[in-house]
Amino acid sequence: MAGKNLFRFVILLFLQVLVFNNIHFHGFIYPAFYVYFILLLPFETAGWLLLTTSFLMGLSLDFFTNSLGINAAASVFTAFIRPGVIRLLTSKKEYEPGITPGIRDLGFRWFFLYALILVFVHHTALFFLEVFRITQIEQTIHRIVASSVLTLILILLAQFFLVGQRKKSNKY
Amino acid sequence: MRNLITFLWKNYFFFLFVILEVFALFLVVNNNYYQRRVFINSTSDFSGNILASFDDMSSYLSLKNANTILSEENARFYNMQPEAFLISDTASFYRNDSLYTRHYVYRTAKVISSSINRRNNYLKINKGFRHGISPDMAVVTPHGIVGQVIEVSENFSSVMSILNNNARISAKLKASNQVGSFFWDGNDYRTGLLVDIPSHVQISIGDTVVTSGYSFIFPESQPIGIVEDYSIETGDSFYKIKVRFTVDYNSLYHVYVIGNRLHDELIELDKIDLNE
Chain A
1 MAGKNLFRFV ILLFLQVLVF NNIHFHGFIY PAFYVYFILL LPFETAGWLL LTTSFLMGLS
61 LDFFTNSLGI NAAASVFTAF IRPGVIRLLT SKKEYEPGIT PGIRDLGFRW FFLYALILVF
121 VHHTALFFLE VFRITQIEQT IHRIVASSVL TLILILLAQF FLVGQRKKSN KY
Chain B
1 MRNLITFLWK NYFFFLFVIL EVFALFLVVN NNYYQRRVFI NSTSDFSGNI LASFDDMSSY
61 LSLKNANTIL SEENARFYNM QPEAFLISDT ASFYRNDSLY TRHYVYRTAK VISSSINRRN
121 NYLKINKGFR HGISPDMAVV TPHGIVGQVI EVSENFSSVM SILNNNARIS AKLKASNQVG
181 SFFWDGNDYR TGLLVDIPSH VQISIGDTVV TSGYSFIFPE SQPIGIVEDY SIETGDSFYK
241 IKVRFTVDYN SLYHVYVIGN RLHDELIELD KIDLNE
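These protein sequences, in sequence, are chains A and B. With our numbering applied, the first sequence corresponds to residues 1 to 172, in that order. With our numbering applied, the second sequence corresponds to residues 1 to 276, in that order.
Any given hint could be a false lead.
With a straight-line cut-off of 20 Å between C-alpha atoms, the simulated SDA-like cross-links for lysine to any residue are [unchecked claim]:
hint, chain 1, residue 1, chain 2, residue 2
1, B, K10, A, R87
2, B, K110, B, K10
3, B, K10, A, K4
4, B, K10, A, I81
5, A, K4, A, F161
6, B, K10, A, W48
7, B, K240, A, T135
It should be emphasised that the hints constitute simulated quantities derived from the structure, not laboratory data.
Taking the hints into account, I'd like the entire structure generated from these sequences.
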């Protein structure tokens with residue numbers, strides 16, 4: 001389990017640096033796809049591990065983008081509210097051991113809401129920290145909404161893609 | 001004491017969050033000063049190497065375009081050579097070395113990573129202090145300005161793009177020589193704003209905006225963009241001019257780094273002014 005998450009950490013970091021950081025959509029949209037790592041950490045992840053891995057994820061990314069601290073701060077904040085969001089979204093299926101956050105185990109509705117809240121919170125923190133002033137609020141909100149939508153679409157696509165694959169290999 | 005430890009232990013999730021968040025925010029706030037020097041210098045060689053090797057793969061795709069730009073440049077330089085002029089008066093071409101003090105030094109560099117979609121955009125270039133680059137040098141392309149060097153490691157440099165909240169440049173209208181202040185408003189990476197041009201000045205759409213040469217960083221008359229639109233608020237005595245960049249910041253590849261050899265001298269002079 002730990003190995004899988006470590007692998008995901010590295011893959012997502014490089015995807016973000018080499019692919020998503022180079023997507024210049026309309027000039028103001030920035031998909032921070034790496035939040036996917038924080039979303040997919042298993043439920044039983046210990047609190048300190050959740051916070052520190054998220055922090056490391058953000059910090060590693062900061063080294064590539066000259067934005068020291070910004071991604072780290074947004075990621076730690078996202079990790080901090082994650083347990084609260086999970087409690088808020090109790091599904092019919094209890095969070096049994098072995099269940100991972102994802103469409104496969106908890107259904108589309110649950111995962112969509114879960115991803116929506118966390119991605120939006122993350123992007124809000126990220127873009128406000130980046131601008132670091134309140135005067136351009138209209139423009140900042142514009143960026144937050146547009147970028148969140150794109151990140152969310154990418155996350156859902158990744159989910160559908162992987163869920164499809166797993167079903168084939170596991171059950172058939 | 002024991003109660004305190006139990007309390008901290010029970011709520012460690014919250015306290016760890018606070019510690020990490022404060023540390024991250026500390027980094028954000030100190031971004032431009034001390035932390036940056038310590039962190040970036042030790043890591044940017046590592047991250048720069050990764051970015052550079054990725055760039056090697058993609059550089060072939062833009063080779064054709066880069067060649068065109070370079071040959072245009074060459075043509076321009078050939079045009080400036082003494083051989084390109086008809087010499088009618090030999091005396092006027094006599095060169096005295098002490099009269100021609102070199103003011104600016106040009107170096108070429110390649111962009112290995114850049115962004116346009118953040119509010120604060122930066123670039124990385126593949127030259128560092130080993131190649132003579134130092135902070136506060138200007139980065140330009142033949143078509144217009146790009147930004148200024150802010151951090152230098154051994155083999156790479158970070159450049160603050162003009163597409164950055166913290167970038168402000170002294171600029172002027174080429175036609176009327178009126179000087180104003182130029183910055184990026186963060187909306188569209190293809191346009192920026194020129195302000196502080198008084199309302200009595202005649203402006204027409206299509207005017208060229210160039211650097212004023214008042215800053216110690218950019219040489220005079222480096223192109224920035226062309227006037228696309230201008231407006232004036234009621235009761236205001238200064239124009240707000242929308243300027244379309246002449247450089248496409250989304251396709252930067254070869255850039256020139258310009259060092260001002262008299263930079264330190266100018267700074268010294270400034271200090272003397274302030275002391276009085």
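We went through each hint and held it up to the structure:
1. K10/B - R87/A: Roughly 18 Å between the alpha carbons, so the hint for K10/B and R87/A holds.
2. K110/B - K10/B: With Cα atoms ~53 Å apart, K110/B and K10/B exceed 20 Å; violated.
3. K10/B - K4/A: violated (29 Å)
4. K10/B - I81/A: This hinted pair holds, its Cα atoms lying about 17 Å apart.
5. K4/A - F161/A: Since the Cα atoms of K4/A and F161/A sit roughly 17 Å apart, the hinted pair holds (cutoff 20 Å).
6. K10/B - W48/A: Distance ~12 Å between K10/B and W48/A Cα, so the pair holds.
7. K240/B - T135/A: holds (18 Å)
Checked against the numbered hints listed earlier, the structure breaks hints 2 and 3; every other hint is satisfied.
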